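With chain A fixed as given, assemble chains B, C, D and E with the ligands onto it according to the hints.
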Amino acid sequence: MQFLANPARFLRIANALLPWLALITIGLFASGLYYAFLASPPDYQQGDSVRIMYIHVPAAWMALMSYASLAVFALMLLVWKHPLADVLARSAAPIGAGFTLIALVTGSLWGRPTWGTWWAWGDARLTSVLVLFFFYLGHMALTHAFDDATRGARAAAVLALVGVVNLPVVKFSVDWWSTLHQPASISRIGGSAIDPSMLTPLLLMAGAFLGYFLCLLILRARAELARRKLRVLQLLAAERG
Amino acid sequence: MNGFALLLVRDLRLALRRPADAAVAVAFFVVGACLFPFGIGSESQLLARIAPGVLWAVALLASLLPLERLFLAEAEDGALDRLALSPHGLMSLVLAKACAQWLVVGLPLLIASPLVALLLNMDVNGYGALLAALLLGTPTLVLIGTVAAALSTGARRGGVLLALLALPLDLPVLIFGAAAVQAALVGDPIGAYLQVLAGLLLGALVLTPIAGAAALKLALE
Amino acid sequence: MNGFALLLVRDLRLALRRPADAAVAVAFFVVGACLFPFGIGSESQLLARIAPGVLWAVALLASLLPLERLFLAEAEDGALDRLALSPHGLMSLVLAKACAQWLVVGLPLLIASPLVALLLNMDVNGYGALLAALLLGTPTLVLIGTVAAALSTGARRGGVLLALLALPLDLPVLIFGAAAVQAALVGDPIGAYLQVLAGLLLGALVLTPIAGAAALKLALE
Amino acid sequence: MSDFIGESLACLRGERPVFAGLDFSVASGGALLLTGANGSGKSSLLRVMAGLLPPTAGQIWWDREDLAREPDAHHARTAYLGHLDAVKAALTPREDLMFWLRYRAPHLNAYSGRIRADEALAWAGLTPLADLPCRVLSAGQRRRLAIARIAFDETADLWLLDEPTTALDANGALLLHDRVALHRARGGMIVAATHQPLHWPDAQTLDLDVLARRRSDAATRGKYFDNVA
Amino acid sequence: MSDFIGESLACLRGERPVFAGLDFSVASGGALLLTGANGSGKSSLLRVMAGLLPPTAGQIWWDREDLAREPDAHHARTAYLGHLDAVKAALTPREDLMFWLRYRAPHLNAYSGRIRADEALAWAGLTPLADLPCRVLSAGQRRRLAIARIAFDETADLWLLDEPTTALDANGALLLHDRVALHRARGGMIVAATHQPLHWPDAQTLDLDVLARRRSDAATRGKYFDNVA
Ligand code: HEM
Ligand SMILES: Nc1ncnc2c1ncn2[C@@H]1O[C@H](COP(=O)(O)OP(=O)(O)OP(=O)(O)O)[C@@H](O)[C@H]1O
Ligand SMILES: Nc1ncnc2c1ncn2[C@@H]1O[C@H](COP(=O)(O)OP(=O)(O)OP(=O)(O)O)[C@@H](O)[C@H]1O
Ligand SMILES: [Mg+2]
Ligand SMILES: [Mg+2]
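So the sequence lines, in the order shown, correspond to chains A, B, C, D and E. Mapping of the first sequence onto my numbering: position 76 corresponds to residue 76, and the numbering continues sequentially without gaps. Mapping of the second sequence onto my numbering: position 121 corresponds to residue 121, and the numbering continues sequentially without gaps. Mapping of the third sequence onto my numbering: position 190 corresponds to residue 190, and the numbering continues sequentially without gaps. Mapping of the fourth sequence onto my numbering: position 126 corresponds to residue 126, and the numbering continues sequentially without gaps. Mapping of the fifth sequence onto my numbering: position 101 corresponds to residue 101, and the numbering continues sequentially without gaps.
So here's chain A without its partners, still in its complex pose (with noise of 0.2 angstroms):
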């Protein structure tokens, strides 16, 4: 980690880094969208609605898995004053909430065939979802609140640690309540309960979707720095005069 202190060396790394990424990504997303709409069969009960199972899981999978980084962020700042953790967490947060937001509209879409509802408010998962959702935005909020920006990342790195206790709230709510939502069948201990056909695709999504978010990342990243580098010229050309 503390090898990657350096910007200049994170940058280097990055941008050999970005293209593969990029390839991989483009690949992924042709094929698994192509298992997921042409090539797999539509469900025996859902129809074709079945197919916003390849958006939603995904989409829903990385919701977390952005939250668990911003946290990890959170931390290299706070307990290892990573100089990187800040520009990282800032770049991170925007595509977590856009995450989140297409878990919830997928998942609301998805609803209204098969529950015959596009919202139920008392429902655990949906609405820890949409909690989840809330601190993406507060940490969004808090992180340009302040005139100091290494301020805003500090304070949005404590929100950050403390909206961890949503995550677990999140993944088990559908075993801890009675919900509509469908407990774990895919990534749950003991083996998948999911038929080859629908895993496939929903894999190259998965996979797809975690490219588009580290080449995402990346890019946000890249450009932050440029932001400071030029604030930082700007700067010094102000007080030269």
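No lab work stands behind these hints: they were computed from the structure. Fair warning: this is a prediction, and the values are worked out from it, not measured in the lab. Some hints could be false.
Only part of the chain A face toward chain D is listed, based on derived beta-carbon distances under 10 angstroms [claimed, not checked]:
1) D147
2) D148
3) Q234
As a list, the in silico DSS-like pairs of lysine-lysine whose alpha-carbon atoms are at most 25 angstroms apart [said to hold, decoys possible]:
4) B:K217 to D:K88
5) C:K217 to A:K81
6) E:K88 to D:K88
7) C:K217 to E:K88
8) E:K88 to B:K217
9) A:K81 to A:K229
Here a beta-carbon is modelled for each residue, glycine too, at the ideal position from N, C-alpha and C.
Just chains B, C, D and E with the ligands now, kept in the frame of chain A:
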């Protein structure tokens, strides 16, 4: 440029320097509205019934919260004294502040309101009435809040006092605003309600500068 | 006397020097709850149904309002620096602030809640559960709000940001609190709900000083 | 040639008498220094002179025109520097100056206002910081900004300065000194409260401690009580 | 005999370098005056010394103990006077002093704290105002109150004073002078930022302007830049 325009530009600049600010007021609107379904439970039938009331109540609170520092921030850093010592007078100061506040907070609320209505399961045929009523109602809320902010600046008590002063005055707006949406939902005509809201807005526009300037004068001493 | 007690006494004195403050928070609670009969129309059947949810939602918002200046007032006049430079550490500071806040705002809310329940037509057999749930829930709301206040100290638009940060964390309290009252109204046992509320309170008591102190340290620089 | 005169002014703050029976007069080009111990009423007197705080007794005239009759005209010609600097953290020094200069002088447009602001920034030594947010300014830099607003405001005939050299370094105090001389040469008036010697030529001094002693006379006290009860 | 030493300290504020390569040392009974133009970094250095602002580079030692390791102990022995006075409008000066004296010195009980507070009030000349709310205090009276909290705090070994004579009249400055001498005679240390001459005997002076010139060296600049990009 006259004092009104200069102040408006300055306040907008202060607000827009951080676009996050307006976003945060809207976020409070959305999140605050979600509280009620959480508390009440998920019977969508019930929710839809109370949606207009909840929407208006939360819009009111969201528009109140950021008002607190409208004049207090100017008083605390000494800017209010200097704004008063100018050729422009306190009335244009009050109006400029209210305008900037509506542009920064009221307008985004208006834009976000369909989303909240959706979250609350409101019927689609109420949306038009909702937007019209909010368009007429939110400026009144902001104007009333501006007077309350001026009054509470003198008292240096801030937030809660402001709410207490503004709430009773806001009630008519709330009642007619919610009634307009309710009427639209059941298919009644809403013209009369909108007229009342427009009348309230006009009254607020006339009275706010006078009352606000008088209140600010107290805050100066 | 230790630092905690000294601070508590000072804060209570500051608050009680202006008894209006506590009164005003309660008034917001009452007036805010009254908005609903106005907004919804006073069909007592519907009102009674939504009473627990509305009560909790408004109590939550009322407890949020005065939190904004909890640390901001100290930071703005330079007292926070000096409070930090002491043998006591920031954790006792955070806890003392939260305690004072609960005594000044939470307790009066609790006392006023039967009145609001009455205004909302709530059935009498829910009153006991309401009081018990508020007794366990309001301290948690205040503790969470204290962390949010510490985080938003020095931010622009503190109040709205604070609300945005505290609301999602407050949701479980709201949900279980309202559910407890709802259960009591239909005659179900409420022990499980109260246990969850007590658990949340315990968790908040443990985490608040840590998170709050970390947040305050940032506000010092 | 205008003049600014106060007669038998009294001031109550929060029901406590601060001064009573105070007279002052400043002519065109004149400077009046208010001195006196802490709490003797210098800041209160400045606020009274600005028309921000109504005096409890007595009158103030500007060119024989009673101030209480024409408060707005007096506000337009008075520039006031208080203990606080009124600097907004999010605006840049240039924006701050442009706003205040134009707010006080409606004849300035965006272009001439900007030129004037740049002049003021250069004077205050803030040009290198002109486009940074004001939150980064140090105490003295803020004070310089607050003074620059007044020093480059041509509409103000009367400057009221409350301890202007607070937080200023030696160079800052010199800058102020020069600008004050210029303002007076143009026929402007200045009243300043101060604890530091300011060395302004031909400045009169009004010592509020002397007045305070007078106030504590039994006679004054009796008079004060007469007015109150 | 304790000593307080800083070595090659650097400070960044809002991404801007304020000072770098700064060394200082104060011994028991010593006084260090920070001078320098507006914006040279005096206030920032005081906050670094208080442990309120972590330095970007360098170390600070108290009796050879690294400050970063024991922040709480340092907080307990440091008294800090900033640009702001931290006076609550609703409390009375007596309540204010009793709270702050007891908050810093846990051994004081209500009775001894009150005696100490009365002593401090008499010293500051605030006894007549002791039971009025602080909002009626003038700028100088507030400053006196803020100084009294430190001047009568026996637990503080290190006083950090940011322009302590701001708003004080001549008498107030004298009072401070005496108290500073007493503190030093007891073995206490003082660091003060100032624009006014303070005339403290045997005080060392650290001029930040000299450092600023060093900072603008290309070498320093290059080093700073490496860390950022
Ligand atoms: C707005 C509503 C919805 C939200 C917020 C939501 C949220 C989530 C989340 C967060 C996950 C990941 C959980 C984990 O990793 O364990 C997930 C997984 C899943 N969701 Fe949803 N969901 C919604 C609606 C639906 C609907 C309507 C269906 C289908 C009937 C559905 C089917 C699934 C399936 C099959 C999984 C994968 C479970 C697994 O094996 O891990 N969801 N959802
Ligand atoms: N919070 C901050 N964020 C960014 N920069 C700051 C901040 N505070 C101060 N600075 C900058 O750091 C430099 C040093 O400021 P500091 O307040 O330490 O100066 P000072 O020597 O105390 O000046 P003065 O004599 O005016 O009080 C200044 O140029 C200022 O612009
Ligand atoms: N808002 C107020 N309400 C009541 N009394 C006040 C108020 N402001 C000041 N006073 C009192 O009026 C007296 C004069 O205060 P003022 O601020 O005018 O003094 P000053 O001469 O400016 O003192 P300093 O040199 O300390 O700035 C003081 O004794 C003060 O206690
Ligand atoms: Mg004064
Ligand atoms: Mg300074």
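Does the interface hint hold: is D147 (chain A) within less than 10 angstroms of chain D, judged Cβ to Cβ?
-> holds, 5 angstroms
Compare the distance between the alpha carbons of K88 (chain E) and K88 (chain D) with 25 angstroms, and conclude whether the hinted pair is satisfied.
-> holds, 23 angstroms
Satisfaction of the Q234 (chain A) interface hint, Cβ to chain D closer than 10 angstroms = It holds, given that the least Cβ distance between Q234 (chain A) and chain D is near 8 angstroms, below 10 angstroms.
25 angstroms limit on alpha-carbon distance, applied to hinted pair K217 (chain B) and K88 (chain D) | holds, 22 angstroms
Below or equal to 25 angstroms on CA atoms is what counts here, so check K81 (chain A) against K229 (chain A).
-> holds, 19 angstroms
Taking the closest Cβ pair, is D148 (chain A) under 10 angstroms from chain D?
-> holds, 8 angstroms
Holds or violated: K88 (chain E) with K217 (chain B), Cα cutoff 25 angstroms?
-> holds, 24 angstroms
Holds or violated: K217 (chain C) to K88 (chain E), with C-alpha atoms at most 25 angstroms apart | holds, 22 angstroms
If you draw a straight line from the CA of K217 (chain C) to the CA of K81 (chain A), is it 25 angstroms or shorter?
-> Judged against 25 angstroms, a Cα distance of about 15 angstroms means the pair holds.
The structure shown violates none of the earlier numbered hints.
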